[in-house]
Every structure is written in C-alpha cells, then in structure tokens.
Amino acid sequence: MSQEIFDRFTKCAVKMLSVDAAKVTREARFKEDLEADSLDLVEFVMELESEFGIEVPEQELEGITTVGQAFDLISSKTK
Amino acid sequence: MSRVVLVTGGSRGIGLATAKRFAELGDKVAVTYNSTPPSGDFVAVQCDVTKQADVDRAFDEIEAQLGPVEVLVSNAGVTKDGLLLRMKENDFAEVIDANLTGAFRVCKRATQSMLRARKGRMILVSSVVGLLGQAGQANYAASKAGLVGFARSLARELGSRSITVNVVAPGPVDTDMTRTLGEEKLKAFAELVPLGRIASPEEIAGVIAFLASADAAYITGAVIPVDGGLGMGH
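Chains as they are written, first to last, in numbering that gives the first Met the number 0: chain L, 0 to 78; chain C, 0 to 233.
Quick caveat, the hints were computed from the structure, so don't treat them as lab data. Here the structure is a predicted model, which means the values were calculated and not measured. Note that beta-carbon positions come from the ideal geometry of N, C-alpha and C, so glycine has one too. No false leads were mixed into what you were given.
Estimated spans, in silico, between C-beta atoms of each pair:
(1) L:Glu61 - C:Arg11: 41 to 49 Å
(2) C:Gly81 - L:Met45: 39 to 47 Å
(3) C:Ala221 - L:Glu57: 28 to 36 Å
(4) L:Ile4 - C:Gln111: 20 to 28 Å
(5) C:Ser34 - L:Ser37: 37 to 45 Å
(6) C:Ala63 - L:Ser49: 13 to 21 Å
(7) L:Leu60 - C:Leu24: 40 to 48 Å
(8) L:Lys76 - C:Ser159: 25 to 33 Å
(9) C:Pro36 - L:Arg25: 52 to 60 Å
(10) L:Gly62 - C:Gly181: 58 to 66 Å
Using the sequences plus the hints, can you model the full thing?
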C-alpha cells in the first residue's frame, strides 16, 4: 500500500466527509463509522476522481462499504 | 438580501420579470439569454441551455463575477407547436432538449456549489399544460410535466442539505411566447381562466421570489399553480 496515495485519499475523505484523519482506517465503514450518507459518498468519489485524475464508473462502486475497499479500487486505477 | 441569483432565459417574459424582481430585492442577479441580451440591473451571459459547454461557461463566468449561485431559476424554454400527426420527431426532441434536459444541465451544475454551501433554492418554471395537456403542444406539455418528476426527485436527493426544489406552473401569461398564439386564441384562453384574464409576468415573478425567500424554507417538491384557477384539480 502506497502511503503517499493513502495520504491523498485521506485528505479527500477529511475534506468531503468532515471526519478526523485518524478515523480514516482501512477497517472504517463509511456509513456506520464515518457517518457518510449516499450524497457524501458521491461527493467523495468525485473529489477522488479529480484528485487522482481517474474515472470511477458507478457499477464499480457497488458493494463497497469500507475505506479499505474504496482505497484498493482507487489505487488499482492510479497505476 | 444579496444572494446570488441566476435566472435562465432572462431576456424577456417571465425570466426578465423575475430577474428584475430579485434585483429590486437587493440580490446579485445574473441572467442567461440565448439570442437577445436584456438590459437591467443584472449580469447577462449568453448561454444556449441545449449545450453543456455553454452552461459550464456561463456558470464559470457568473461564479467569477458574483460568486456561487445560491438561487437558481430554471426558466429557459421554447415551443414548437403542432398537432401530433404533423409533429416531426425533431420538433419533439428539440423542445424536450431545451425545456427538460436544459433544466437538468443547469440544475446539475448548480447542485455542485449548493451542496458545498449546504443550502440552496431551485425553482423550475413549468406550465399549467404540463398537467392539463394542450392540443398542439404534446412536446411542450411533455417537457413541462417532466419537470415535475425531475424536481421532486431532486427535492428528495438534496433535501438533507437544505436545498429546496420547487416548480411553478403558470397559466397563460402576457409574454412573447403566448402572443404567438394570436389575439383570438389568447382571448379564448383567457375566457377559460376562472379569473377571466391572463397573468402579467410580474405575477409569476412574485411567486418565484417567494419560493426563494426565508418564508418558503419548508416548501420543497411542491408544484405551485399560478394560473388564475385554470388548472384546478390537476
């Protein structure tokens, strides 16, 4: 796991989800632990897209509930 | 009050009256126009709402000059009347593209900054014929009815961020658009209206201004008829 990418990922989460960076751990669940609703998540994904210059199609987001899952998806696209 | 207000289709009719009303209230007003730039106490930006690039450029310009849009009045619209059997698919598609998809383009763009601000007002200008129907206006009526479902979906999506989305449904209004109907047809139309006359654009503008006011903070997903009673029961 690239720390640099995770730091940028965390920065987006802090900005869009209004959470402490310390709460952004691989195990954290968006809804339960970070109290993000569907609109927060859409904004978060759009922020990630512009931060990393990538595109994340809607269907790839299905089933993603934790920070770790989302981070793996993003980092797989930044290579 | 000095909010940033954007009115699309502000060169005449309801849009122009609405822009003037907000300017009188002390708001910072921008209007978009397609062909004829209006003059008044507001910023006028050329924008064809059927073109995404135009919409983006217009918002960029307005944001640079006035700041993020806090009140959006989606008003730009066209007609291409004709009976169904004589209506070309293109006549149908063009009206939908301007009136309904155009609203989609501007609302989507405005949503970005409203979400960040955690507040906002969107008012979509529909028409009594959206729910009443009108011979010769299948395309226009479909586009105006579509705005209702569109607005109500947005009201649900954005409600948690204190963004309200409402529809105003005018009856016949004294504008260039209705004047194309001709004097005789307009008179016949007025006779169908319980109040017995057509509206002035200012009477629609007043209701739009109300929906943007503090008093309307708890109204969302509503369709407000401003039609002299023409659409009662629909």
